[in-house]
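Here the structure of chain A is known, so what remains is to put chain B in place on it, guided by the hints.
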Amino acid sequence: MSEKVERDINALMQAIPYARFLGITVDQRGNEITTVMHFSEKLIGNPVLPALHGGTIGAFLETTAIAQLAFEIAGKSLPKPIGLTIDYLRSGRPVDTYGRAVITKQGRRVATVHAEAWQDDRSRPIAAAHGHFLLKPADEPAGS
Amino acid sequence: MAADDITQEHIALMKDVLIQHVPHARALGMNVVNARRGEGWLSVPYREDLIGNPQTGVIHGGVITSLLDNACGIAVQLALPERMSIATLDLRIDYMKPATPKLDLMAHTHCYKVTTNIAFVRGTAYHSDENDPIATCVGTFMLAANRAMPMPITSEVAEEAAALFKKNKDGAA
Chain A
833 MSEKVERDIN ALMQAIPYAR FLGITVDQRG NEITTVMHFS EKLIGNPVLP ALHGGTIGAF
893 LETTAIAQLA FEIAGKSLPK PIGLTIDYLR SGRPVDTYGR AVITKQGRRV ATVHAEAWQD
953 DRSRPIAAAH GHFLLKPADE PAGS
Chain B
2 MAADDITQEH IALMKDVLIQ HVPHARALGM NVVNARRGEG WLSVPYREDL IGNPQTGVIH
62 GGVITSLLDN ACGIAVQLAL PERMSIATLD LRIDYMKPAT PKLDLMAHTH CYKVTTNIAF
122 VRGTAYHSDE NDPIATCVGT FMLAANRAMP MPITSEVAEE AAALFKKNKD GAA
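Going down the list, the sequences are from chains A and B.
For the first sequence, the numbering used here assigns the number 833 to the initial residue and increments by one for each residue that follows.
For the second sequence, the numbering used here assigns the number 2 to the initial residue and increments by one for each residue that follows.
Worth flagging that the hints you see were computed from the coordinates, not collected in a lab.
C-beta: ideal position from N, C-alpha, C; glycine also.
Partner residues are not named here, just some residues of chain B that face chain A (Cβ under 8 Å, in silico):
(1) Gln56
(2) Thr66
(3) Ala88
(4) Asp91
Result set (DSS-like, lysine-lysine): computed pairs, CA atoms no more than 30 Å apart in a straight line:
(5) Lys114/B to Lys98/B
(6) Lys937/A to Lys968/A
(7) Lys937/A to Lys98/B
(8) Lys908/A to Lys937/A
(9) Lys874/A to Lys103/B
(10) Lys98/B to Lys908/A
(11) Lys874/A to Lys98/B
(12) Lys968/A to Lys908/A
(13) Lys98/B to Lys968/A
(14) Lys103/B to Lys908/A
(15) Lys103/B to Lys968/A
From the derived model, a few chain A residues whose C-beta atoms are all more than 12 Å from chain B:
(16) Asn842
(17) Gly862
(18) Ile905
(19) Val934
(20) Leu967
Chain B with its partners taken away, still in its complex shape:
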């Protein structure tokens, strides 16, 4: 298994699972910026309806929770040899500092261990410098969590995803 290969399947998976078929991710405007085997980089653009403190304009901690939860799930999917349904078992988040108003949120997550039943992930939320984090998290995910089939991927979705991924990557560069 080539360590850093991002296959078409992975890209389609992210686009499909993250944007196309997750209403909450869509509602927050979540975006996959980059990906690697077991790692994901996601963004949420600043928006006024996501504010948690109307006096300061700081984004609500819950947005960071959603972003990290989703980004952790993506990292797990990118670490698995095949697609399966997963469920968050627990997630711990430490808030280091408030997000700066008007700046977009970024999250980088890494699934560093997969066992038969459980996947272990850690991640960071930040604006532009990962070494100056807004929040960090650790989480565990249950694999093959329920009997439901994983969400389907069509070839159209895969192509769309590849285009979107390329666009995001070019935009970020």
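For reference, chain A alone in the conformation it holds in the complex:
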């Protein structure tokens, strides 16, 4: 019982400079988390439409997946992305974006995660991603 320490995922995310740069926060309610990317001008990729930059949406989905893994799987270090496939479904409008992720398979070393991002209507996602993450700390920054 005392082993179970509730992790403050939002605090963990705020410690990541790039998550702060994108304006990502985590809304934690009971055993569910939703990530939020608060809209700001610097997220824009196409000012004519206007639309969010595809890269920011990809980064947001990746962060959503990492947050979910950190939430469900306690570990000393953050999981590292191995591969990520992003499907862009609709253009992202200049408003807040929400994200949720599901761990589809958790192995000893690798976890498979599916993440979705939406804006006003959850049944109309703007993008979805499928990725593999390394759970064990393996390689530190290349000293080679």
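Okay, now just chain B, sitting in the frame of chain A:
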């Protein structure tokens, strides 16, 4: 069509689409280093607010995603016979190794096939040696993706772009 020609129009396009009019590219400090028909070389300088792992100082994978996404889009624009709006359909990224802290990121992308509706691109992110990649990607782009007009280019932007491009090229040499 001369294969390796970089016209004024192309340079202006890159500068315009990439730096001048894309707030996110500007926010990351993205830069066009070199370009060729269907190919682009872009850089993102190392910055502490782009870190993904505060313990190691390694850049966030999302920065690489943004860089590759943008660089792929540029390669597609450089491969098209005329300007049109494009949209990323999908992008797959494989991370080979963590980026080394304090080093700038480079990306080289190549649009190797254009069909009526779709453009196919692949790319690599690295520090200095493309054969030692940090990440690789493949992506597809939808052509004439929406009804919006492509972003306009003025002659001032074109001139500015030519100067900037020359500066970058000299700097890289």
